[in-house]
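Trainee: One-letter residues, chain by chain:
Number of protein chains: 2
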Amino acid sequence: MRLNSERFLRDLHALRGFGAAGVGKGVIRPAFSEADVEARAWLKGRMLDAGLTPHLDPVGNLFGLAYDRSLLLGSHSDSQPEGGWLDGALGVIAGLEVARASVEAGGPPISVVSFQDEEGRFGVTTGSAIWSGQIALEEADALSDHEGIGFGDARASMPGRAETFVDPDRFTGFIEMHIEQGPVLDQANDQIGVVSGIVGIRDMKITFGGEQNHAGTTPMALRKDAFQALSDFNTRLNDRFRNVITPRTVWTIGHVNLHPNASSIVPGRVNFSMQWRDADADRLLHLERIVRDTASELAEERQISLEFGPLLGLDPVAMDPGLRNALRSGAERVAPERWRDMPSGALHDATNVSRLMPVAMLFVPSIGGISHNFAEDTAEEDLVAGLRVLAHAVGCLGQ
Amino acid sequence: MRLNSERFLRDLHALRGFGAAGVGKGVIRPAFSEADVEARAWLKGRMLDAGLTPHLDPVGNLFGLAYDRSLLLGSHSDSQPEGGWLDGALGVIAGLEVARASVEAGGPPISVVSFQDEEGRFGVTTGSAIWSGQIALEEADALSDHEGIGFGDARASMPGRAETFVDPDRFTGFIEMHIEQGPVLDQANDQIGVVSGIVGIRDMKITFGGEQNHAGTTPMALRKDAFQALSDFNTRLNDRFRNVITPRTVWTIGHVNLHPNASSIVPGRVNFSMQWRDADADRLLHLERIVRDTASELAEERQISLEFGPLLGLDPVAMDPGLRNALRSGAERVAPERWRDMPSGALHDATNVSRLMPVAMLFVPSIGGISHNFAEDTAEEDLVAGLRVLAHAVGCLGQ
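As given, the protein sequences belong to chains W and X, one line each in that order. Per the numbering used here: the first sequence = residues 1280 to 1678. Per the numbering used here: the second sequence = residues 1280 to 1678.
Extracted from the complex, chain W is given alone in its bound form (with noise of 0.2 angstroms):
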């Protein structure tokens, strides 16, 4: 199989003049506008011309089937309301580059893909969770985005839909390249990274009530101060966290909601967000555990009441060991010493499809760690060992 490299980074910033946000290599393209639905038709023609079927489903996801049975590649073409160039589109202009070179070479059959709002404009990942059935169509039907539209309103409005999904039974498995969106490899000087698993997310809110009074007239010892609660508890978790994790579990207090919120009164409630992010399914639940404790021993001690929010989360995703290895070979191949495994701390399309098929992702450095923003960058040397190790994968699979 050959690469056209040139051709692929040509592809790919022609899709970035979809919704060019006039700043660095931003883009504006959120799913259901008219540049994404622009981007999608462009799309098709490419696909079309690299010798594969476009098939644009119910819910806007492109899909370019190839003859046989098949890999799948690919990723998103939406982006933020302030997004990058690379974001998703990158891992679907690859696996177009991919697929068109296996054809011109007679090499096996790719499929590609470009599912429908994965940065959830009006779901979470919202085209790749249908397709694979973790939202029922009706349920995603009601969705609505900030300004009231609803997603059934917003696919109706999109032309050349099929009436019918693809049969996930076309495909063998699914491998998503994409942007790490975090600082790992750009600091490490890395240039690929093959991703061991998707982490699972816990989120809950807590809320500590304790005692509202004036700031002036209220001792120190007679006080019920929530935020000194929600410091405690910060610093206790910390200290307690750190027989538990691994260096790659993440934890974060990103929210915080104080009442009545003035220089001048004792507050006397807080409702904070506790998010934690694990690898390993029993780690989470441990970690959980000690967050539960720590907020009861502490409200406990200091008389204030507690009460936690639901707890919301997806599970650990782990990706198959055959792709992976795959990937990794192609890493070695590519990018010798400069390639390391990783976790995936944030969500991608991958953790959806996961339920259909075996899955693996690919990730190439993102400048400065900075993702979800006008400047999100890798370099171009990045992004093609990228796609070669990519190629160097299905090589080994198609044998």
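In case anyone wonders, no lab produced these hints; they're calculated from the structure. There's no promise every hint is true.
Note: identical chains are not told apart, hence a pair may lie in one copy or across any two.
Stated by the list, open to error - Below, computed lysine-lysine pairings styled on DSBU-like, alpha-carbon distance capped at 30 angstroms:
1) 1503 x 1484
2) 1304 x 1503
3) 1304 x 1323
We have chain W already, so just place chain X on it with the hints.
Mentor: Positioned in the frame of chain W, the structure of chain X alone reads:
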């Protein structure tokens, strides 16, 4: 001097009829509201009946003047938007009763005052601040309330105003009786607090600027999490303050504004309030150095940005030893072993009046430490005990 405690309580309950909230004993009587204007008209009548000469000054401060140079007793009769019945009203009616009893007994001349807008509908302790020269009248006239009504317009609509302010030289000193608005006396089962000083306040906004990042893809070691910086700052500060503070020092982080405040994003910035109060000006400065040093040290360690807002505040106000000792003597007589010296953690009209003449204050307990609330209350025997202490002090000073 023969006090009439029934008449005192009757007047106190009569005053609560103006703006009665219909919830417990609560009142709704903000400055210049219809209830406030009517309450001041009623008070004027009670002053006349007591043999005093009413004088409603240009900004709504209502004086009941004695025939000669005299002590001034009082507080304020405006309330919070959802206020208690005692707050400032207690000091006004207690002053009225003492002045009246003194007239009846042929005792020393006593004047009474109800300051306007202590509760800060427009400014901060607005009426006494203008009278004492803390703020210029023109400047105050430009202040407006939350609904955009100007102080200048509000005071212009008040009927019966005089064109002149009362000359402060008419008064030899000012004693303000008030509810504690905190839990100290109530928890100790004490009846009287003789105020040693009104604490000084320092208030500053602090901003830590870290790096906003994806909460899934950014490893803990590479984060610059603004919330973690805040929690760390709070923990270190609590620890360092312990070597400097007295049991009466208080400090509060009451306002926290996290950005972008989303559960899946590592917080990039936090702006928060840091307030501390102490009766000693040197200690306030010492604490300020610790605040600044701790924040700077932490910003350097974590390589995050740091910004201090302007330092706001009021200096501590010492109580006059002569007036204070008269109150202590009264407390020892009326409530032996059930009184204490204590600072005032809250701001009062006495803070402003101290610019003009010697001042002192006494407190009675707030049940449960509750104030600025319809539920605010004090046992009637404690109200009468306070009245008797005040009268005793006036007796001592008059001889």
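Trainee: All the hints need checking, so say for each whether the structure fits it.
Mentor: Results for each hint:
1. Within a single copy, residue 1503 and residue 1484 get their C-alpha atoms as close as 20 angstroms, and across copies as close as 22 angstroms, so both meet the 30 angstroms cut-off.
2. In this homomeric assembly, residue 1304 and residue 1503 come within 30 angstroms of each other (Cα to Cα) only across copies, at 26 angstroms, whereas the closest approach inside a single copy is 51 angstroms.
3. With identical chains, the CA atoms of residue 1304 and residue 1323 are at most 30 angstroms apart within one copy only, with a shortest distance of 23 angstroms there and 74 angstroms across copies.
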